[in-house]
Amino acid sequence: MRSEDDLRAAFTAKADDAPAADQVLRAVRRAASRRVDRRRWLVPVIGVAAAAAVGVPLALAVSHSSNTSSRKAGSGNLQTAAGGRAAGSANDGSAGAAGSAGSAAAKPNAPGPNPSALCSPDDVSVSVRREAGEGALLVTSRGPACRMARVPSLSWPSGSTTFGTQSDDSQEKRNPANFGVLPVHGFATARVRWHGCGLPSGMVVYVDWGNGPVKVTVAAAPSPAGCATTPTPSNQPLVVSPLNGLS
Amino acid sequence: MTFDEFAATRLNAVLRFAVVLTNDRGLAEDVVQEVLIRAHQRWTQIAEMEHPEAYVRRMVVNEFLSWRRKWARYVPQADVEPDTRQPDHAEAHAERSALLAEVVKLPRRQRAVLVLRYYEGMSDAQIAEVLGCAETTVRGYAFRGLAALRIEMKSAELR
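Heads up: the sequence lines are chains H and B, in that order.
In terms of the working numbering, the first sequence has 60 at position 60, counting the first letter as 1, and numbering is strictly consecutive.
In terms of the working numbering, the second sequence has 339 at position 92, counting the first letter as 1, and numbering is strictly consecutive.
Watch out, some of these pointers could steer you wrong.
Just some of the chain H residues that point at chain B, by a computed CB distance under 8 Å [claimed, not checked]:
{"hint": "1", "residue": "D6"}
{"hint": "2", "residue": "R8"}
{"hint": "3", "residue": "A10"}
{"hint": "4", "residue": "F11"}
{"hint": "5", "residue": "A15"}
{"hint": "6", "residue": "D17"}
{"hint": "7", "residue": "L25"}
{"hint": "8", "residue": "V28"}
Rather than coming from a laboratory, the hints here were simulated on the basis of the structure.
Ideal Cβ positions, reconstructed from N, Cα and C, are used throughout, including at glycine.
Build out the structure end to end from the sequences listed, making use of the hints.
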């Protein structure tokens with residue numbers, strides 16, 4: 001019968017058979033460096049694969065969403081154009097249809113740049129400048145493109161020009177052909193001609209391009225000699241040429 | 248303790264333990280090498296442990312216990328023959344060689360229990376923790392192993 005001590009002695013004797021530690025350590029370091037080398041090219045490959053796996057679907061999704069939004073924007077333009085056509089046909093057609101189309105066309109200040117909207121006083125800056133023999137009406141865009149009458153009307157305390165070429169203002173305002181688009185940050189000018197003293201400097205006039213009268217003070221050159229600051233008599237002709245600069 | 252410090256101070260002891268456990272110098276080398284490669288990868292975590300060496304020994308035991316399962320499909324197995332080297336004719340040496348040859352024939356878990364108990368000097372509780380089993384299971388393995396080796400247990404009741 002053996003004893004436990006025999007077993008301990010056998011194990012202790014067997015332990016002397018162990019290989020050298022540095023030999024094992026060298027093999028461990030070789031294997032570790034091999035793994036590092038493998039990782040050196042494996043990591044970029046995995047990184048590229050992961051980036052492709054994430055990036056490609058993301059790019060497709062973004063591309064799809066931008067296509068969708070541009071398509072939606074396109075359909076919006078089509079709707080606007082359709083509205084314009086409806087307005088045009090309404091002008092050609094019945095009065096009832098003309099009313100609705102006209103109200104749609106006259107709806108000002110839609111949010112964001114909308115060339116189909118009439119220019120509001122906030123969208124533009126307006127000045128009337130008196131010069132030698134004639135005056136100049138200058139309309140400068142403050143940003144968004146918007147519509148305005150090609151021939152705006154001027155009114156002053158004792159007289160006014162007509163809107164466009166026809167005497168019926170409401171009919172003129174419903175006709176899209178009488179309106180042009182003031183480009184973004186663009187400007188348009190119109191000549192204002194008069195006889196005699198015309199518009200004295202400092203006089204208040206009201207400019208209407210289809211969105212209601214806007215108060216403007218005539219500026220610049222002093223009144224000619226002999227012209228008082230009294231308003232121009234109503235029987236004096238005042239002519240406003242079409243705005244140059246509208247598209 | 249860095250990995251290099253561990254290797255410099257404790258690797259010899261781990262290798263000696265592995266040789267006793269496996270009873271094969273080559274296999275011990277392979278097992279320890281495999282364990283150290285894995286330990287090297289996450290040495291920062293192992294170094295923070297209270298007893299890094301004990302953890303590495305546990306890795307060695309587990310690697311040995313799973314070694315045959317892992318490599319049996321790839322490595323041709325041969326019956327382990329008793330150590331036939333006879334550097335001298337001393338009776339004690341022959342007896343030790345015969346005893347080790349019988350230890351090799353024991354099931355791996357029984358062998359691990361005997362090595363941990365009689366070479367490492369661990370208690371049954373510590374062995375149970377290393378092997379992940381109950382103390383009674385450890386005592387059962389030890390009892391059957393010692394019985395197979397025809398070893399009289401003097402201190403079995405004390406454990």
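Evaluation of the provided hints:
Satisfaction of the interface hint for H:D6 is found here, the shortest Cβ-Cβ separation to chain B being roughly 6 Å, below the 8 Å cut-off. Interface hint status for H:R8: upheld, as the beta-carbon distance to the closest one in chain B is roughly 5 Å, under 8 Å. About 4 Å separates the beta-carbon of H:A10 from the nearest beta-carbon of chain B, less than 8 Å, and the hint is met. Because the beta carbon of H:F11 sits about 4 Å from the nearest beta carbon in chain B, less than 8 Å, this interface hint is met.
Among the interface hints, the one on H:A15 holds; its C-beta lies about 4 Å from the nearest C-beta in chain B, closer than the 8 Å criterion. Hint on H:D17 holds. Least Cβ distance to chain B is approximately 5 Å, under the 8 Å limit. This hint holds: H:L25 has a C-beta 5 Å from the nearest C-beta of chain B, less than the 8 Å allowed. Because the closest C-beta pair between H:V28 and chain B is about 4 Å apart, less than 8 Å, the hint holds.
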